[in-house]
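Q: Turn these sequences into a full structure, and let the hints steer you where they fit.
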Amino acid sequence: MPVHCAENYSPDRDKPVMRIGAVADLLGVCPAMVRIYEERGLVVPQRRNNQRLYSYNDVCWLGRIRELINEESYDIDEIKRMMRLPACWKLLNCPEEVRATCPVAQAPGKRCWEVARQEGRSEACANCQIRRAAEEDESQ
0 MPVHCAENYS PDRDKPVMRI GAVADLLGVC PAMVRIYEER GLVVPQRRNN QRLYSYNDVC
60 WLGRIRELIN EESYDIDEIK RMMRLPACWK LLNCPEEVRA TCPVAQAPGK RCWEVARQEG
120 RSEACANCQI RRAAEEDESQ
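Positions 0 to 139 (numbering that gives the first Met the number 0) are the ones given, in order, by the sequence shown.
There's no promise every hint is true.
[Said to hold, decoys possible] Here are the in silico distance ranges between beta carbons for each label pair:
(1) A99 to A21: 32 to 38 Å
(2) N49 to G27: 23 to 29 Å
(3) E96 to P30: 31 to 37 Å
(4) P30 to Q105: 19 to 25 Å
(5) L25 to R80: 34 to 40 Å
(6) R46 to R98: 30 to 36 Å
(7) E77 to R34: 27 to 33 Å
(8) R18 to E66: 32 to 38 Å
(9) N49 to E70: 23 to 29 Å
(10) A99 to E66: 18 to 24 Å
(11) N69 to E96: 21 to 27 Å
(12) I35 to A99: 34 to 40 Å
Treat the hints as calculated values from the structure; they're not laboratory data.
C-beta atoms are modelled at their ideal positions from N, C-alpha and C, and glycine is treated no differently.
A: Structure, rendered in structure tokens:
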């Protein structure tokens with residue numbers, strides 16, 4: 000599943016509306032695999048009424064994880080290490096035209112949410128899986 004989800008931020012893309020089964024179907028995996036990604040700290044779903052709910056952006060991120068594993072031969076631990084680094088556009092596989100105008104790509108050494116905060120765009124980062132998982136990993 001080729002995923003290029005970094006462009007055109009919209010708050011609607013962050014709304015948790017999909018259950019784990021629907022997400023697994025979209026990704027072509029079993030729900031247990033999505034749970035493994037959660038257990039390993041790669042995705043942090045919202046919870047409502049004791050159910051995992053995922054947003055469009057969560058599905059995009061999980062699709063990118065699948066690409067990193069299946070097409071680029073990364074393992075989960077390598078992806079987690081990459082999540083601690085500032086270059087989110089590499090993880091998200093942003094197209095060149097997006098990177099050319101992206102303040103994050105122009106600010107080496109800073110994490111994307113730090114740049115977004117400086118730019119007054121932190122709402123786009125509130126539900127970012129990279130940020131949430133990296134912060135959760137750092138707190139452990």
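Q: Which earlier hints turn out false for this structure, listed by number in ascending order?
A: Hint check: 4, 5, 7, 8 and 9 fail, others pass.
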